[in-house]
Amino acid sequence: MPVRPPILRSLPGGRMDAGAERETAAHITIRSLCKRFENEAVYDNFDLDIPRGLLVSVFGPNGCGKSTLINMIAGLTPVDAGQILFDGKTIGEIRFGYVFQNYREALFPWLRAFSNIEYPLKLLRLPKAERKERVERLVAHLGVKIDLNRYPYELSGGQQQLVSIMRALIVEPEVLFLDEPFSALDYEMTLFMRDQLQRIFVETRTTTVFVSHDLEEAVYLADRVLLLSRRPAQVADFVTYDAPRPRTAAALSDAEFVGVKGHCLEVFQREVRRG
Amino acid sequence: MKRFNFHMFMPFAGVAGFIVVWYLAVWAQVVDPVLLPSPGQTFHALWTGMAGGQLGADFLKTVERTILSTLIAAVIAIPLGIFLGASEKLYRSVEFVIDFFRSTPASAVFPLFLVIFGVGEKTKISVAAFGASLVILFNVAYGVMNARKTRLLAAKVMGASRWRVLRDVLLLESLPQTFVGLRNGVSLALVIVVVAEMFIGSADGLGHRVFDAQQLFQMPDMYAAIFAAGALGYALNLIFLLIEKRFVHWAGK
Ligand SMILES: Nc1ncnc2c1ncn2[C@@H]1O[C@H](COP(=O)(O)OP(=O)(O)OP(=O)(O)O)[C@@H](O)[C@H]1O
Ligand SMILES: [Mg+2]
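First to last, the protein sequences are chains A and B. Per the numbering used here, the first sequence starts with residue 2, numbered consecutively. Per the numbering used here, the second sequence starts with residue 3, numbered consecutively.
Since the hints were made in silico from the structure, they are not lab data. One thing to keep in mind: the hints can contain errors.
Claimed, not checked - Label pairs and their computed distance ranges (CB to CB):
(1) B/Q56 - A/K133: 52 to 62 Å
(2) A/L125 - B/I245: 50 to 60 Å
(3) B/K255 - A/K129: 20 to 30 Å
(4) A/E41 - B/G161: 41 to 51 Å
(5) B/G58 - A/K133: 29 to 39 Å
(6) B/K255 - A/A130: 47 to 57 Å
(7) B/S105 - A/E134: 55 to 65 Å
(8) A/Y188 - B/F103: 50 to 60 Å
(9) A/D196 - B/K255: 39 to 49 Å
(10) A/E41 - B/D101: 50 to 60 Å
(11) B/L244 - A/V140: 29 to 39 Å
(12) A/R275 - B/F103: 50 to 60 Å
(13) B/A237 - A/D196: 51 to 61 Å
(14) B/P81 - A/A130: 29 to 39 Å
Note that the Cβ used here is the ideal one computed from N, Cα and C, for glycine as well.
Put together the whole structure using the sequences plus the hints.
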């Protein structure tokens, strides 16, 4: 029997729609968000619904506020005004994972990969045996082939980022945030990591917010592409791309992909010119 | 086949060259033979002194004082450095005082400490601890302040409390710099201890040994004591480097 997500009872903004597909129900609701840095408004009355169980890519001009947005959603940057709720709960009440661009500075170099991954479970005070079991389960689930007894500096860049993604996933998060996670990797590794992320997403179906500065990557991985305007950022478009998963390199030459990407580029260029 | 490895023998070449020059100087009588004994005489004095002689006892006494004062300095300066470094504003407000006393030659405060602690063990240890603690404090505080912001954010985002961030991240982040402080601190402590042993009424220690031998014109003994002091300084630095390699293998990677 399909379980109706509790979200349908608490949707703000009159978007309550009993017939809505599970996948279009909002998981994260952002209302009247305002944020200024030194008298420049980065967000001014920003509203957005992020659907449950989808991978949302965030794309926009340089410095438009992509990082600021996910940092505010993740509670890393305080908001000036407005409300961000997850099924009506605040960030402090949910489990979430955050993956930084700079894996070198985000992992703990004094801990082996295994201990890095289990660290969030330590904070949750889980016993050692359970921590070990959960890490092993995650490794098996994702089919990761890394020697977790190594220190981060003994791993390649891609492997290090994979370790930090696993560290974010180990708590079985309700939401996963990634801010340009692959931009410090070389091209070959980036291609590999995209597919790793896609596999992880297909396996877990965790609501994912993914910032990318690469439009091809943003569309390739996304269910929805959030295009932001220049500051103060508004939703320039929120494009749907629903090609079946797992998508492969062949999807990149698919007519639908090319069409969606072309549309996104058009919106983006319009926004850049406007400034 | 592997080529003969010159690099491994380079340090020995320097030592051999030094001894050869020394022999030549003695042979050519460049200096009054009373002032410059031969390497043979000197190493004989070093050997007999260290193997059960008075020099060995003095050596151990200096080791004891240096280690004790460094230990006292570390116990005070490491927690204080973490506390000050954790709040940059707090550190900035005391920075001038720390830098000022760090720049003050420790020997200049001997008279002050003599008034407080009197002639004896306490003064030597406390001046050395004072000098070393400022060096350690400064390094630890900087280590904490320069902790990677991303790493702190990562811990925070995983739900670590302030205390856990301090214990699990800040402490380890500051470790490489703390070791730099400890190495500089122990070197400074040795310098101060040896000077104190020479000039403020001491009956033992390497400083006393050097000074005594000089007063009695026992030149081989004096040179032997100087070499012992040099070896001690070198060994302390090396030991701290080895501990550092073991505990902060990850530094800079
Ligand atoms: N802590 C801060 N203090 C002052 N200004 C800031 C701060 N953080 C961000 N900004 C400014 O806010 C704007 C949005 O920054 P943000 O990092 O969110 O942009 P971005 O879209 O992620 O950019 P990029 O494409 O470079 O990653 C920029 O103009 C930036 O200079
Ligand atoms: Mg950014």
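Status of the hints after comparison with the structure:
Taking 52 to 62 Å as the suggested C-beta distance range, the pair B/Q56 and A/K133 conforms, at roughly 58 Å. Checked against the hint of 50 to 60 Å, the C-beta distance between A/L125 and B/I245 comes to roughly 33 Å, which is inconsistent with it. For B/K255 and A/K129, the hinted distance range of 20 to 30 Å is satisfied, since their beta carbons lie about 27 Å from each other. A beta carbon spacing of about 32 Å between A/E41 and B/G161 contradicts the range 41 to 51 Å that was offered as a hint.
Checking the proposed 29 to 39 Å range against B/G58 and A/K133 shows it is violated: the Cβ atoms sit about 52 Å from each other. Between B/K255 and A/A130 the C-beta distance comes to about 31 Å, which lies outside the given range of 47 to 57 Å. For B/S105 paired with A/E134, a C-beta distance near 56 Å keeps the hint of 55 to 65 Å intact. The hinted window of 50 to 60 Å between A/Y188 and B/F103 holds, with their beta carbons roughly 54 Å apart.
Checked against the hint of 39 to 49 Å, the C-beta distance between A/D196 and B/K255 comes to roughly 28 Å, which is inconsistent with it. Take A/E41 and B/D101: their Cβ atoms lie about 37 Å apart, and the range 50 to 60 Å is violated. Checking the proposed 29 to 39 Å range against B/L244 and A/V140 shows it holds: the Cβ atoms sit about 35 Å from each other. The given range of 50 to 60 Å is respected by A/R275 and B/F103, whose C-beta atoms sit roughly 59 Å from each other.
Separated by about 54 Å at the C-beta atoms, B/A237 and A/D196 satisfy the suggested range of 51 to 61 Å. Between B/P81 and A/A130 the beta carbons are some 34 Å apart, a value that agrees with the proposed interval 29 to 39 Å.
The structure does not agree with the numbered hints 2, 4, 5, 6, 9 and 10 stated previously, though it agrees with the rest.
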